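Student: In case you want the letters, here they are:
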Amino acid sequence: MTATTAPTPASSFGTLTSKLEIDVRLIGMLAALAVIWIGFDLLSGGVFLTPRNLWNLSVQTASVAVMATGMVLIIVTRNIDLSVGAILGFVGMIVGVVQARLLPGLLGFEHWLTAPLAVLAALVTGGLIGLFHGWLIAYLAIPSFIVTLGGLLVWRGAAWWVTTGQTVAPMDGRFKVLGGGIEGAVGATATWVIAAIACGLIVVALGLARRRRVRFGFPVRAGWADAVIAAIACGAVLGAAAIANAYPVPVGAARRLAEAQGIAWPDGGLFIPHGIAVPVLIAVAVGLFMTFLATRLRFGRYVFAIGGNPEAAELSGIPTRWVLMKVFGLMGVLCGISACISTARLNAATNAAGTLDELYVIAAAVIGGTSLAGGVGTIAGAMLGALVMQSLQSGMVLLGVDTPLQNIVVGAVLVVAVWLDGLYRRRIR
Amino acid sequence: MAHETGTPLVEMRNISISFGGIKAVDDVTVDLRPGEVVGLLGHNGAGKSTLIKILSGAYRPDAGEIYVNGTRADIASPRDAKAQGIETIYQTLALADNIDAAGNIFLGREMMTPYGTLDDASMEAETRKVMARLNPHFRRFKEPVKALSGGQRQSVAIARAIYFNARVLIMDEPTAALGPAETKQVADLVLQLKKEGIGIFLISHDIHDVFDLADRVSVMKNGRLVGSAKVSDVTQDEVLGMIILGKCPPGAIPGPGAS
Numbered sequence: 001m002t003a004t005t006a007p008t009p010a011s012s013f014g015t016l017t018s019k020l021e022i023d024v025r026l027i028g029m030l031a032a033l034a035v036i037w038i039g040f041d042l043l044s045g046g047v048f049l050t051p052r053n054l055w056n057l058s059v060q061t062a063s064v065a066v067m068a069t070g071m072v073l074i075i076v077t078r079n080i081d082l083s084v085g086a087i088l089g090f091v092g093m094i095v096g097v098v099q100a101r102l103l104p105g106l107l108g109f110e111h112w113l114t115a116p117l118a119v120l121a122a123l124v125t126g127g128l129i130g131l132f133h134g135w136l137i138a139y140l141a142i143p144s145f146i147v148t149l150g151g152l153l154v155w156r157g158a159a160w161w162v163t164t165g166q167t168v169a170p171m172d173g174r175f176k177v178l179g180g181g182i183e184g185a186v187g188a189t190a191t192w193v194i195a196a197i198a199c200g201l202i203v204v205a206l207g208l209a210r211r212r213r214v215r216f217g218f219p220v221r222a223g224w225a226d227a228v229i230a231a232i233a234c235g236a237v238l239g240a241a242a243i244a245n246a247y248p249v250p251v252g253a254a255r256r257l258a259e260a261q262g263i264a265w266p267d268g269g270l271f272i273p274h275g276i277a278v279p280v281l282i283a284v285a286v287g288l289f290m291t292f293l294a295t296r297l298r299f300g301r302y303v304f305a306i307g308g309n310p311e312a313a314e315l316s317g318i319p320t321r322w323v324l325m326k327v328f329g330l331m332g333v334l335c336g337i338s339a340c341i342s343t344a345r346l347n348a349a350t351n352a353a354g355t356l357d358e359l360y361v362i363a364a365a366v367i368g369g370t371s372l373a374g375g376v377g378t379i380a381g382a383m384l385g386a387l388v389m390q391s392l393q394s395g396m397v398l399l400g401v402d403t404p405l406q407n408i409v410v411g412a413v414l415v416v417a418v419w420l421d422g423l424y425r426r427r428i429r
Numbered sequence: 001m002a003h004e005t006g007t008p009l010v011e012m013r014n015i016s017i018s019f020g021g022i023k024a025v026d027d028v029t030v031d032l033r034p035g036e037v038v039g040l041l042g043h044n045g046a047g048k049s050t051l052i053k054i055l056s057g058a059y060r061p062d063a064g065e066i067y068v069n070g071t072r073a074d075i076a077s078p079r080d081a082k083a084q085g086i087e088t089i090y091q092t093l094a095l096a097d098n099i100d101a102a103g104n105i106f107l108g109r110e111m112m113t114p115y116g117t118l119d120d121a122s123m124e125a126e127t128r129k130v131m132a133r134l135n136p137h138f139r140r141f142k143e144p145v146k147a148l149s150g151g152q153r154q155s156v157a158i159a160r161a162i163y164f165n166a167r168v169l170i171m172d173e174p175t176a177a178l179g180p181a182e183t184k185q186v187a188d189l190v191l192q193l194k195k196e197g198i199g200i201f202l203i204s205h206d207i208h209d210v211f212d213l214a215d216r217v218s219v220m221k222n223g224r225l226v227g228s229a230k231v232s233d234v235t236q237d238e239v240l241g242m243i244i245l246g247k248c249p250p251g252a253i254p255g256p257g258a259s
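Just so you know, the sequences run in chain order A and B. Under our numbering, think of the first position of the first sequence as 1, with each following residue one higher. Under our numbering, think of the first position of the second sequence as 1, with each following residue one higher.
These are calculated hints, taken from the structure and not from any lab test. As the structure is a prediction and not an experimental result, all values here were calculated from the model. It is possible that part of the hints are untrue.
Stated by the list, open to error - Which residues of chain A face chain B? A partial, calculated answer using Cβ under 10 Å:
hint, residue
1, Gly217
2, Phe218
3, Thr295
4, Tyr302
5, Ala305
6, Asn309
7, Leu315
Said to hold, decoys possible - Here are the computed lysine-lysine pairs in the DSBU-like style, where the Cα-Cα straight-line distance is at most 30 Å:
hint, chain 1, residue 1, chain 2, residue 2
8, A, Lys326, B, Lys146
9, B, Lys230, B, Lys194
10, B, Lys194, B, Lys129
11, B, Lys142, A, Lys326
12, B, Lys142, B, Lys184
13, B, Lys230, B, Lys195
Just so you know, even glycine gets a beta-carbon here, dropped at the ideal spot from N, CA and C.
Bound-form chain B, shown alone (with noise of 0.2 Å):
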């Protein structure tokens, strides 16, 4: 709420997709701010992943656009949204299941030696630092990472989106693979990120989860926006009435999806 003025870090416009003459997305129009943690609402195929999706690059939308610290940005290709400082936690996690922490961590981004080979130990030595902030217990840096838990998987995604600075973090649900204690270790870490001033998309559909870590709250139904709110301003049970009917509730700014 501290956010009220200033240029949002992203701003996504009317944006529409469609597979196969079906809207996925049909005109939405979501933002979000420095130090903000926005939560993206919906059941399964309302369409939140594949929002996701278009500002992490993975797909192009076929109508809208994108603003990054209010300058129009043209998002082609993940290695794009990456120039931007927008990291995505996948819900699968996307890792190579073949290759190492370094190596997934590092995908895409390797640290070479002067003589154009891979600098593997450079890559280790960097990955032994930002997992010992993240997972501290986390010795199995030579092996694949298919051969890891659940939560330490969980920790390398992780890690891969936050080493590079990210300005702008997508998660997609988070969570839904993790125990009680990591679930805890995850959001401790949104409200870290959120300190150092980075702005948090949260996927979710875990309404409970996203009550305690949004600031605002954004819910779609079949693919178009119901409404957009502040959690001080709606209790869970009218975002619930959002979710499931599609009906926006006087605390909320209503959008082209509502009933």
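Looking at chain A on its own, in the form it has when it is part of the complex (with noise of 0.2 Å):
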């Protein structure tokens, strides 16, 4: 998707993100889904850019975006895991039969605890799976493309043994927050705040980027183009907010609020705004730990540097099995977080959950950025890569296109897209 730019960027835009130092490929990825936005847009006669449909955009992404920021390492360490589907499949089994029958029996039912427990619940489980993945990958030798093949089978078999094929339902309340909808969003003035203190922190952490380097006598960025970018990100996040707040909650939802808050219901309705989503803030929030992850601690310079150079990395000291053996670990955890998103959005764990979306994630990483050679990739782009994957495929829903016809035109995306993106590779070296 990124190769919009690539015929022939004027050199003045050239110059234009050099002096601003932004990476072209990202503006390309979003310039793609700008024209996905509109296009679909054009198509269903102004229903696509809706706050109500970016609202449940934004939702349905969160489960393949978490997802896909551990995919990005793993790929980057030229590995693959295709059984990130059938581990969420399976901890979302797990999740349900603890907060739905295992807890109530301990605890009674509703009890404040229920949900925090089903949720460490997933995290051990899927953390266990794949630090498991992650010992036969790196330790046994056994090629991560086996290991994970074996996983999606053995995973999703399991996620029907746990319960024998019963849907599990319904959640826990307090847990069903993680997965959206009205409960599942934090209204108006907590998303302003969280808003106002996100672009705090941006112009915070842009500042003290460039004070460190002038400290050191380095060569900066123009006074100018930090401050267009730290507007360009606030826009983006105010938008986004004001975005949120636009979309009301449905009348007789808000009706129910307004007489739970002991508000009068006035004539011409209550206009009470959703707010951002709980799961988006999750995946936001699981996307900025994972790029400081990979970019400001030692675990994700070894990460980078074993997909660089396995031989190098080994030679410079670096424990790579056991990195390896991590990077399985946290894409496990992060399978888990995903299953706790989506069983709390259907409300119910069923064994078929995550069908398919080990191949939605990698696709979001490789749409993203994430070269399968290895060495190469970024969180942000995986995230964005999400995006674009869900946009093409709500917006085909939104126009009544057939699924058959719906996966079609995913797969053909994904292949003339990592087409593009080679390409454009090949043409900047």
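With the hints in hand, could you dock these two chains into one complex?
Tutor: The structure is reproduced here in structure tokens:
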């Protein structure tokens, strides 16, 4: 998708991006996303770019986006994980059984500890499965393709086994917040507060980075460039907040909320905004954490070094096998988070949850600029890739495109995107 | 020759290693003194690279001992070797192509901030210092090393080896991929490091290089040591005879591989 900029970017554009020190590929992805969004909006007669659709789109993207951040690190180390959808399914069943069958017997229904314990169970189960895969791959030297292909079958089967195929429902009330919906959105005030804090952090982070480089006497980008970047980033944050706050809660639910808070129901109805959805906040938090991990911590440096040259990493004294095992463990934890999101969203645990997710996750990472040759990839790119994939899909749903045709389009887009990306890479070399 | 006496910096005694039943290194003994350059010579496949990879911790020997400053050293990993002050410049350079110069120089030994995060600014500052010494025209600090020329990549690999105050430096074919000017630069560097008292193992199959720089040579053939000699005691032709025929001349101390 990045290659929308490939046809000879004008030299003025090139110098502008180099002055701003922005990744051209990221701009390309954003441009591709804009094309998709505007295209669907025109085709659907203005339904796509409504607060309601964009809000739903953000919620639908969350689960795959969370897993895509981990897939980036896996692919960067020259491995692959085909089992993430199956792990999601299995962990989802565990989460469902823990909170709907196990804990009510011990704590009683709707106990405040149920949701945290269910989430903890998800993270631990996912993490252990991931570490086990990582151990097989790193220490027994079984190719990751095989281990996770086996894992796909094993964990999908195991997901069925947990309840011999029965769907578990409903979920705990507090747990459902993780999945979005009316209870799963933070409301207007909190959304603005979060957006304001985010803007403050963006400005502070840019300022600190700049001061650090000045102190060491390194070249810094022009002051106006920093200002432009800060303005764009804050604009995006505030815009997203405004959109989330422009999507009102439906009348029936709004009336119930008003009654619960003892507000009289006015004649014209009440405009109660959703605000940002909780799963979206989770995904953004995961994205920030993973970016920090990948770029600011030793662990991330080692992951990229292993991907760039495994032998050199080994000779540098990096414990490559342990790092690799941890990468898969991390992927498992992220699958656990996604399992919570999708189980909560569905308000049920089914053994088919996450089917084909591995392919969407890999596609998101690859469309987001992660190179299958290893060593190259960004968390932000993969999350954008997830948004591109989900936009295509929900856009087609909106247009009433049949499911088989949807799959054909998504598959074709994936292949074309990687081809264009390859062309772009060869051109800049 | 001034270093006849005293404890060797490094001594590898009776080292053997085999891969799949083939003895890649068979009962080889070499040593190195402070400020000395020892050339390790032999054909491709003679076992030179394998021998030094044992010293740099990449392989564990099946038999034999390594002594550093006269004390037995257990070198089980590259980390152990570096802890002993043994640094290696590999023939392949062993750089992670997708990471910038600073990232490569400090790979595995990153500088950290008090908060436990990577201190990229300090690492870049140190990189600028060490690169100013090795390659004053180097400017591409922010680019992955994949984008650099052969000579620039070589300087990054050398910088990584000398930045951490090495006492022993292993150079595996350091000039194989370089042009004449850069080869001269490496030769100057070897002489300078030698003055600082660093011991250098110089692996090469270019006999002229070795004769210009080395104090002693050790020759290997088919995994075995043919012999060791001071370069002043043997001629280039005699050393060629050692490499090709395994024939040890009178000026050299014969090893178990001499025919």
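Student: So, for every hint listed, does it hold in this structure?
Tutor: Hint check:
1. Using the Cβ-Cβ criterion of 10 Å, the hint placing glycine 217 (chain A) at the interface with chain B is satisfied: the shortest such distance is roughly 8 Å.
2. Interface hint at phenylalanine 218 (chain A): satisfied, since its Cβ lies 7 Å from the closest Cβ of chain B, which is below the 10 Å cut-off.
3. Using the Cβ-Cβ criterion of 10 Å, the hint placing threonine 295 (chain A) at the interface with chain B is satisfied: the shortest such distance is roughly 8 Å.
4. About 8 Å separates the beta-carbon of tyrosine 302 (chain A) from the nearest beta-carbon of chain B, less than 10 Å, and the hint is met.
5. With its C-beta approaching chain B no nearer than about 4 Å, alanine 305 (chain A) sits inside the 10 Å limit, and its interface hint holds.
6. For asparagine 309 (chain A), the interface hint holds, since its Cβ comes within 10 Å of a Cβ in chain B; the closest pair sits about 5 Å apart.
7. For leucine 315 (chain A), the interface hint holds, since its Cβ comes within 10 Å of a Cβ in chain B; the closest pair sits about 5 Å apart.
8. Simply put, lysine 326 (chain A) and lysine 146 (chain B) have alpha-carbon atoms about 27 Å apart, close enough for the 30 Å limit, and the pair holds.
9. As the CA atoms of lysine 230 (chain B) and lysine 194 (chain B) are separated by approximately 16 Å, the hinted pair is consistent with the 30 Å bound.
10. Distance check on the hinted pair: lysine 194 (chain B) and lysine 129 (chain B) sit about 21 Å apart at the alpha-carbon level, within 30 Å; holds.
11. A distance of roughly 28 Å separates the Cα atoms of lysine 142 (chain B) and lysine 326 (chain A); the hinted pair therefore holds under the 30 Å criterion.
12. Using a Cα cut-off of 30 Å, the hinted pair lysine 142 (chain B) and lysine 184 (chain B) holds, with the two alpha carbons roughly 27 Å apart.
13. For the proposed pair lysine 230 (chain B) and lysine 195 (chain B), the alpha carbon gap of about 18 Å is at most 30 Å, so the pair holds.
No hint from the list above goes unmet by this structure.
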